[in-house]
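Participant: Each chain, letter by letter, is given below.
Protein chains: 4
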Amino acid sequence: MKGISFNTWAYSSFPAWVPSYPLEEVIKRLAYFGYDGIEIGCASPHAWPEYLSNNRRSEILKLLKTNNLDVAAMLPAPGGGPGMNTASPLAEERKYTINHYKDVIRLAHDWECPTVIYIAGWIVYGSNQTDAWHYSLEAIKEIGEFAQKMGVTMAIEPTASDSNLIESADDALLLSEQAELDNVKVMFDTFHALYRNEVSSDYVYKMQDKLQHIHLADSDRLPPGEGECDFPSVLKALKDVNYDGYLSMEVGFHKREAEPDWYARKSIEYLRAELGK
Amino acid sequence: MKGISFNTWAYSSFPAWVPSYPLEEVIKRLAYFGYDGIEIGCASPHAWPEYLSNNRRSEILKLLKTNNLDVAAMLPAPGGGPGMNTASPLAEERKYTINHYKDVIRLAHDWECPTVIYIAGWIVYGSNQTDAWHYSLEAIKEIGEFAQKMGVTMAIEPTASDSNLIESADDALLLSEQAELDNVKVMFDTFHALYRNEVSSDYVYKMQDKLQHIHLADSDRLPPGEGECDFPSVLKALKDVNYDGYLSMEVGFHKREAEPDWYARKSIEYLRAELGK
Amino acid sequence: MKGISFNTWAYSSFPAWVPSYPLEEVIKRLAYFGYDGIEIGCASPHAWPEYLSNNRRSEILKLLKTNNLDVAAMLPAPGGGPGMNTASPLAEERKYTINHYKDVIRLAHDWECPTVIYIAGWIVYGSNQTDAWHYSLEAIKEIGEFAQKMGVTMAIEPTASDSNLIESADDALLLSEQAELDNVKVMFDTFHALYRNEVSSDYVYKMQDKLQHIHLADSDRLPPGEGECDFPSVLKALKDVNYDGYLSMEVGFHKREAEPDWYARKSIEYLRAELGK
Amino acid sequence: MKGISFNTWAYSSFPAWVPSYPLEEVIKRLAYFGYDGIEIGCASPHAWPEYLSNNRRSEILKLLKTNNLDVAAMLPAPGGGPGMNTASPLAEERKYTINHYKDVIRLAHDWECPTVIYIAGWIVYGSNQTDAWHYSLEAIKEIGEFAQKMGVTMAIEPTASDSNLIESADDALLLSEQAELDNVKVMFDTFHALYRNEVSSDYVYKMQDKLQHIHLADSDRLPPGEGECDFPSVLKALKDVNYDGYLSMEVGFHKREAEPDWYARKSIEYLRAELGK
Numbered sequence: 000m001k002g003i004s005f006n007t008w009a010y011s012s013f014p015a016w017v018p019s020y021p022l023e024e025v026i027k028r029l030a031y032f033g034y035d036g037i038e039i040g041c042a043s044p045h046a047w048p049e050y051l052s053n054n055r056r057s058e059i060l061k062l063l064k065t066n067n068l069d070v071a072a073m074l075p076a077p078g079g080g081p082g083m084n085t086a087s088p089l090a091e092e093r094k095y096t097i098n099h100y101k102d103v104i105r106l107a108h109d110w111e112c113p114t115v116i117y118i119a120g121w122i123v124y125g126s127n128q129t130d131a132w133h134y135s136l137e138a139i140k141e142i143g144e145f146a147q148k149m150g151v152t153m154a155i156e157p158t159a160s161d162s163n164l165i166e167s168a169d170d171a172l173l174l175s176e177q178a179e180l181d182n183v184k185v186m187f188d189t190f191h192a193l194y195r196n197e198v199s200s201d202y203v204y205k206m207q208d209k210l211q212h213i214h215l216a217d218s219d220r221l222p223p224g225e226g227e228c229d230f231p232s233v234l235k236a237l238k239d240v241n242y243d244g245y246l247s248m249e250v251g252f253h254k255r256e257a258e259p260d261w262y263a264r265k266s267i268e269y270l271r272a273e274l275g276k
Numbered sequence: 000m001k002g003i004s005f006n007t008w009a010y011s012s013f014p015a016w017v018p019s020y021p022l023e024e025v026i027k028r029l030a031y032f033g034y035d036g037i038e039i040g041c042a043s044p045h046a047w048p049e050y051l052s053n054n055r056r057s058e059i060l061k062l063l064k065t066n067n068l069d070v071a072a073m074l075p076a077p078g079g080g081p082g083m084n085t086a087s088p089l090a091e092e093r094k095y096t097i098n099h100y101k102d103v104i105r106l107a108h109d110w111e112c113p114t115v116i117y118i119a120g121w122i123v124y125g126s127n128q129t130d131a132w133h134y135s136l137e138a139i140k141e142i143g144e145f146a147q148k149m150g151v152t153m154a155i156e157p158t159a160s161d162s163n164l165i166e167s168a169d170d171a172l173l174l175s176e177q178a179e180l181d182n183v184k185v186m187f188d189t190f191h192a193l194y195r196n197e198v199s200s201d202y203v204y205k206m207q208d209k210l211q212h213i214h215l216a217d218s219d220r221l222p223p224g225e226g227e228c229d230f231p232s233v234l235k236a237l238k239d240v241n242y243d244g245y246l247s248m249e250v251g252f253h254k255r256e257a258e259p260d261w262y263a264r265k266s267i268e269y270l271r272a273e274l275g276k
Numbered sequence: 000m001k002g003i004s005f006n007t008w009a010y011s012s013f014p015a016w017v018p019s020y021p022l023e024e025v026i027k028r029l030a031y032f033g034y035d036g037i038e039i040g041c042a043s044p045h046a047w048p049e050y051l052s053n054n055r056r057s058e059i060l061k062l063l064k065t066n067n068l069d070v071a072a073m074l075p076a077p078g079g080g081p082g083m084n085t086a087s088p089l090a091e092e093r094k095y096t097i098n099h100y101k102d103v104i105r106l107a108h109d110w111e112c113p114t115v116i117y118i119a120g121w122i123v124y125g126s127n128q129t130d131a132w133h134y135s136l137e138a139i140k141e142i143g144e145f146a147q148k149m150g151v152t153m154a155i156e157p158t159a160s161d162s163n164l165i166e167s168a169d170d171a172l173l174l175s176e177q178a179e180l181d182n183v184k185v186m187f188d189t190f191h192a193l194y195r196n197e198v199s200s201d202y203v204y205k206m207q208d209k210l211q212h213i214h215l216a217d218s219d220r221l222p223p224g225e226g227e228c229d230f231p232s233v234l235k236a237l238k239d240v241n242y243d244g245y246l247s248m249e250v251g252f253h254k255r256e257a258e259p260d261w262y263a264r265k266s267i268e269y270l271r272a273e274l275g276k
Numbered sequence: 000m001k002g003i004s005f006n007t008w009a010y011s012s013f014p015a016w017v018p019s020y021p022l023e024e025v026i027k028r029l030a031y032f033g034y035d036g037i038e039i040g041c042a043s044p045h046a047w048p049e050y051l052s053n054n055r056r057s058e059i060l061k062l063l064k065t066n067n068l069d070v071a072a073m074l075p076a077p078g079g080g081p082g083m084n085t086a087s088p089l090a091e092e093r094k095y096t097i098n099h100y101k102d103v104i105r106l107a108h109d110w111e112c113p114t115v116i117y118i119a120g121w122i123v124y125g126s127n128q129t130d131a132w133h134y135s136l137e138a139i140k141e142i143g144e145f146a147q148k149m150g151v152t153m154a155i156e157p158t159a160s161d162s163n164l165i166e167s168a169d170d171a172l173l174l175s176e177q178a179e180l181d182n183v184k185v186m187f188d189t190f191h192a193l194y195r196n197e198v199s200s201d202y203v204y205k206m207q208d209k210l211q212h213i214h215l216a217d218s219d220r221l222p223p224g225e226g227e228c229d230f231p232s233v234l235k236a237l238k239d240v241n242y243d244g245y246l247s248m249e250v251g252f253h254k255r256e257a258e259p260d261w262y263a264r265k266s267i268e269y270l271r272a273e274l275g276k
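Chains as they are written, first to last, in numbering that gives the first Met the number 0: chain A, 0 to 276; chain B, 0 to 276; chain C, 0 to 276; chain D, 0 to 276.
If you're looking for bench data, these hints aren't it; they were derived computationally from the structure.
Fair warning: this is a prediction, and the values are worked out from it, not measured in the lab.
Honestly, I wouldn't trust all of these hints.
You can't tell identical chains apart in this list, so a pair holds if it fits in one copy or across any two.
Capping the alpha-carbon separation at 27 Å, the derived lysine-lysine pairs in DSS-like fashion look like this [to be verified]:
id, residue 1, residue 2
1, Lys140, Lys254
2, Lys265, Lys238
3, Lys276, Lys265
4, Lys254, Lys238
5, Lys276, Lys148
6, Lys209, Lys235
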């Protein structure tokens, strides 16, 4: 594996408004806890592309290198103001979202990040699954081609707990095949598997040929080891399939009460201990 | 009072992605339940200004009139991708957010809506209360002047449960006074008062001279009457101070499990019964 | 019965600091809800005797009369800064507390209140029950004699959930007999009976000859009818023994989340309905 | 750091009436558990100034020295009978409270205690934030000047969970600046930071230049390490800013069920282990 990474949502204003730490601060904290990578949610106050001048991008890259922290992955924030639904029946929203993905990919390129996560959207009332799927496939094709030129791999994520289009491992694999691009792969999040009452280690074996990335989160978005997901099985499965990406925590961002440092510290302590066994 | 209104968040993709109903559908449903007004959250899929051509704006206005539904108030969606924090230490974010407010005010003007809600932002780690307050005051002054020209009144909302800058009735009143504009008033949400363990009817009396709008939500964002907020006191206080705005429900948008029609129906049933006593 | 009364703790800063309403405001609210009496906790901001000039006492009496509200009972606030433990091993504290009771009795006299509640204190580590009982008996004798001259009746309350000296109906009755004064009687609070898993209607029959006052509170200090105490039995027992005092609510003061108006309204609605049956 | 200290509330009658241990007993127990300091709540039965003769003050100082226990800090008990609200609209209460603070400062002087905590009061219904802030500022100025002559430093504490005036780090810092006295500094309590869903280590950095004292308490007033506050981050932050005060536990006083010895023992065990890492 490439190492252990932590997603910035817990330190940002998505979807709760607070707490809200600047990206520079988050980089320093994650490095202090011993993380190898950072996964960056491209929302304010961290990385809304329009707010990041070339100058500031360079400074942040420098800071990342000083702190020995790689950018493990990046992703947009769906569900907020502009929606960011590539499966929307609104042509304006689809276009805006595709352009936003391109901005995120440019930013990934600038920060030497190999992977951008693709959230395939959701079915709005009045439209149907066939249309929504079609729109999302068109989008991932256009986005994927752009990403290919920038040297970035897209990872389609099933998001059962938040949406209604790409919900399972099979959904993600099918969309990925239909995209017909080498750099369009898949990933999954243990939390979404738990939401479907499915077994995360099964996802690893099923997705193994295309598994680009993984999100670890225990039940209720707790740090791994604090809830009821069987992480030893997940880690064994990842070893079995020679997974060579990051173990990325996406935890503690779902409620204001969550103290980000507690999540960051507990997660890495648990994983280090398990991996060292 | 002008009547009873219902906020669209419960029918939209903020902050959860689903359920997601087009604005046209929400208009029809609220009219069917007997609402007098609709409060529109300016996020996709309902009303992200950039996605709304002049043509579509006219059609929606026509639909509102056919359904006898007034637009009671409008507001942006803070906390998502672009942040929308007028108190942000990032100059880029402040500028973007002020422009977005102007877009929302233009839309309010197009849909004959008298009131736009002002969310005063939040303190990002590393900045302090004094700076954040100053930025937000500068913003509401610029936004308020623009709104004045468009015939729109701004209503500053204390948002204790989501933020850390304007938390109480006193905070909102003070910012409003400092703005020194006749069309910059205040509002409050019973849910935020409950979060502070404060009494909503007290807010009515305290804010009475500048009370432009009100959000009703019971504990846990339930419909009024389903939790432990004393709504009869709130309604009596509003009568005492001759409140002449809308009673606007902002309920049921905080979790995916919430079924919007249940919230819309229960809310109006309870209020009609109480107002008829 | 004399009527229904409501204790001010829920509107004051004891033991939580907020919410905090001036006495004048509480008088108006209780009158509005239709209460016949008010029970006044003699703590700030309502009635710390030292803060009440003769002038202000007269104004408050006038306000009470304008609002047709009798003062049903008064009591000090034990447990705070000066302790107010008549069973304390500290001579200084016993003396201070006795003097404070005299101040409260003077205030009761000024406001035409017939009853002052006597909290018999608690055993401090290192002293024993015999000494504590003795101290408290000495205190109630001195206080009772003073009260007699002022035309006030003392009502000894068993306070099992907060103390360790006078816990049961029998404890209170014994202390009352030993005081050997006609104006030293007893009372009880359904909440303390519930704390001991005892039956409130049993207390009524046991205390009937000396029952001067009663506190009604459901489990968790909820309004009567919202918890698990059988109030119809209590009301029947009070009728059986021809109780002629007040039904006084002591509810909703135990946590900051409690909204006083909700407790005041729910309590009187329930009791009116039950008494009308 | 100066060492580890434990607040007496858990052993006293505030705000619950029991358990209730004399100060002498608490001193012996804390020394036995290995504490370096004791923080004394100035309420009965421990240290209501009026109950403490010069003779008894000397004896207690002797006992403290015999047990090698320093008095880390002292504070009054707000919210009980006399209120102790320096922001009260009642002139009588403000005067009483200021005098009480002077008594507490004299006692601190007698017991060689460097720090007295300032609770800035709360807004009573009918008054507003501006007036309440003004009253509290006047009070801390007068108290601070008196303390300066006695060689005592005042530490303003934000008390979000109990009040509504000084709630955040920024509030406390602003009041401290406005006091314009070198011996008026700030402190914070992790429990109040948790109540605001804020991060305690952030408070350390924000307050660092004026941080005189700190209260440690985990969620639900548990001993550090028993809840969900990230204490390793707090300890690291205190080290980063070269904090040289006490780590003072304010735990286990919020409910009668809490057994004080368990809180005292668990707290020091956890902190010793963490500090030794």
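Participant: Hint by hint, say whether it matches the structure.
Facilitator: Structure-based check of each hint:
In this assembly of identical chains, Lys140 and Lys254 lie within 27 Å of each other by CA distance neither inside one copy nor across copies; the values are 34 Å within and 32 Å between. Taking the shortest Cα distances, Lys265 and Lys238 sit within 27 Å of each other both inside one copy (22 Å) and across copies (21 Å). In this assembly of identical chains, the alpha carbons of Lys276 and Lys265 lie at most 27 Å apart whether taken from the same copy (17 Å) or from different copies (16 Å). Taking identical chains as interchangeable, the C-alpha atoms of Lys254 and Lys238 are never at most 27 Å apart, the minima being 32 Å within one chain and 29 Å between chains.
In this homomeric assembly, Lys276 and Lys148 never come within 27 Å of each other (Cα to Cα): the closest approach is 41 Å inside a single copy and 49 Å across copies. Proximity of Lys209 and Lys235 under a CA criterion of 27 Å is satisfied intra-copy only: 18 Å inside one chain copy versus 41 Å between copies.
Hints 1, 4, 5, counting from the list given before, are not met by this structure.
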